[in-house]
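Please work from the sequences and hints to get the whole structure.
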Amino acid sequence: MQTDAKKCVRDVDRSFYDFKDAENASFKTSAGLTPEVVSQISDEKHDPDWMREFRQRSLKIYESLDIPDWGPPIDGLNMDDIVTYVRPDTAMRGKWSEVPEDIKNTFERLGIPEAERKSLAGVGAQYDSEVVYHNVKEEVAAQGVVYTDMESALTGEYREMVREHFMKLVPPTDHKFAALHGAVWSGGSFVYVPPGVKVDIPLQSYFRLNAPGAGQFEHTLIIVDKGADLHFIEGCSAPKYSVANLHAGCVELFVGEGARLRYSTIENWSKNMYNLNTKRAVIEKDGIMEWVSGSFGSHTSYLYPMTILKGDGSRMEYTGITFAGKGQQLDTGAKVAHSGRGTSSHIVAKSISKSGGECVFRSSVTVAEGAVNTRSSVSCDSLMLDSDSRSDTIPAMDIRNASSDIGHEARIGRISDDAVFYLMSRGLSEEDSRAMIVSGFAEPVAKELPLEYAVEMNNLIKLEMDNG
Amino acid sequence: MAGQISLNRMPAPTWNRLGVNGALIDAKSFGGAGFAVPEEFRAVATGMGREAAELIAGSCTEHRVIEVRDGEILTEPVIAGRRLGDGERESSVTLIHAGKNSSVTVLEFCESIEGHTAERADLTYVIAEEGAKVHVVQAEMLSETSSYMSDTGIIARENAEVRLSQVYLGGRSVYSGCETGLSGDRSVFRLDTAYLGERDRVLDMNYVVRQKGRDTESFLTASGALMGRSDKIYRGTLDFQKGAAGSKGREEENVLILSDSAKNRSVPVILCSEEDVDGQHAATIGRIDQDRLFYLMSRALSEERAKKLIISSGLMPVIKAIPDEGVRNAAVNYLERRLSLD
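Protein chains in written order, with our numbering: chain A, 502 to 969; chain B, 44 to 385.
These are computed hints drawn from the structure, not numbers from a lab.
Computed from a prediction, not measured in an experiment: that's the story for all the values here.
Among the hints, erroneous ones may be present.
As the list claims (entries may be wrong) - Here are the in silico distance ranges between beta carbons for each label pair:
no., chain 1, residue 1, chain 2, residue 2, range
1, B, ASP303, A, ILE568, 31 to 41 Å
2, A, ASP576, B, ILE156, 53 to 63 Å
3, B, ARG342, A, GLU870, 51 to 61 Å
4, A, ASP576, B, PRO54, 53 to 63 Å
5, B, ARG348, A, GLU870, 25 to 35 Å
6, A, SER527, B, ASP303, 53 to 63 Å
Glycine residues also receive a C-beta, built at the ideal position from the N, C-alpha and C atoms.
Encoded structure:
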């Protein structure tokens, strides 16, 4: 009797990211969240007065808000156990050779210095709560592009610009974890691209959380001025611990008239991470926002990049893929608010669930009364690889004018037997056929990434077929 | 019983600020003697939820039990409904038990004349046994100051087919919900909803299909037009549960928005914990297809007439499902009258 060949798609292989450094912090707050802890962070970071007040006000808002009641459970996250600030034992450096050996080795293993040499215009590297390395290529800086850590920006030449924009798009009142971010944020990057400047190769920030039981709360603020063009890449990872870690970063993006910003993320947090991140962009007239998002890691994610199409003729595209394996609940998607005239949005989302993993695609498309001639399309495909897993799609549309064209479509299903049969009839084995179908499923996202990142993503969605 | 009740809760909620997770309304007793719904039916979940079902049943002014014996084919529809007078408030509980391989069509309708204010609520339970075929048609033609609630719960056993056709044309507020449990293998549910929103009309709908048996099928379609300051929410959830291997679900919504003051909210949800299923949903929301409009106008129709034709063409397939000629004609006339108002 012939036994059926067992086919499986392997879980995301995280072993590459799962190395730990010995804890070597020069300072860390005690666990939990109190006005004193927030004050300590302000002291450590030499906050200007307005930021000290802002943090304390955010803490009060945090205490007044409830935990979201609509998403996956976050019962395993106890803020009393989370250390909100961990300063590594080094100052920020502009040369890798000056970064302490253990931290440098971490980023070497993650391939960041090599990527910087080969294909990036600038790199920021954050280790726990602080940026340890920041550098931008001379020719890019010569164009007037500012790429620095948030702390330097807060007190440096661009301090007024930072103050004008900081948490204006994502106010602390937005939700509980935005308020938490406002209270304890640390690290992150500030980017300013002057009018008309086109940055040909991407900038990248990489966030590494090494300390167990800690939180990372980096703030990314990017302003792309009129007619400018930028591709920004964000990467993140952490080793796995048995205690919960928390990531509650915040990304605020301002895209000026006729400007274009592409924001790419490969998120690969460890499976003890609660990833409650907030990303938001506002787009002026004829501006373009492009999101490319790959979500592979974390225990629980709430991640929905939001775009406000404020200017007439502004546009957004979101292309995202989520892969949830054993023990993961990844609630991801996108939000778009159309308020300008003649705006358009295009959302394409893919998800793969296996080995008990749970994917939720959640979206909202809102069209305001005055947003005449809006066009929007949302497409969501979900692939279930076994019946231990779960896949939900929860899209919402709120349309308030008579000149809109709004389309939505979603599909949930398994790998099609017909497609496997077709490929097998062309000479492929069943295993290869299935591998090709899953690769093809992820391909619309992979093709939007720079080559090196597409390779990383394909490695993450590693396929293995074997006989059981 | 009076006070605020929670209804039309989505099985999987989303961001609260969108205001779609459910509705809270002020409700008061219908003043009737009420009806103790037998446990067999009371165990069936309804779309509007427990609070609404208890309100309607607890104070209903009438109830009927439609028992169709095994193998019995009722060729004539069972019709329940009437024109309500000014100030009338009534609620009705209907229990439909369709025996094995039986067939029945039930029409529930209500109407009231303009200038009269009435209130009507229907609570309908359907248990379709193996191989039974049940078609429930609901037609609401109330005046623009009246209100309507329709709460339905359905269980379909093996090979049973249940169809629900709903037409909502007039009342100031309409709250409607249906939950269907496709518990039997190869059971089928088909829902067709057609609605017209105009002036300050509120339409709040919640439909849930729990696909539990193997090879079950569900088809949900909704078609409507929004004018004036009308405000509509459509929630449709296909829930493929573990064990529903080989099942299919389709959900489709088409909404025409004809006023910048109208508000449309749609939440087509798929929940899935079974690998071997095929679930799809699609929604098209917005303006009238300009090519269709141009085509009709090139045939000498005025723009207004062409628009009305397109609106009514979206609703007519469901109106045509009304099994009684008199009620069907009343619905057609009512629609034409309504369309000429705006």
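Comparing the hints with the structure gives:
In this structure the hint that ASP303/B and ILE568/A lie 31 to 41 Å apart at CB holds, the actual value being about 37 Å. For the pair ASP576/A and ILE156/B, the beta carbons lie near 56 Å from each other, so the given range of 53 to 63 Å is met. For ARG342/B and GLU870/A, the hinted distance range of 51 to 61 Å is not satisfied, since their beta carbons lie about 33 Å from each other. Roughly 20 Å separates the CB atoms of ASP576/A and PRO54/B, a value that falls outside the hinted 53 to 63 Å.
For the pair ARG348/B and GLU870/A, the beta carbons lie near 27 Å from each other, so the given range of 25 to 35 Å is met. A hinted range of 53 to 63 Å for the beta carbons of SER527/A and ASP303/B is consistent with their spacing of about 59 Å.
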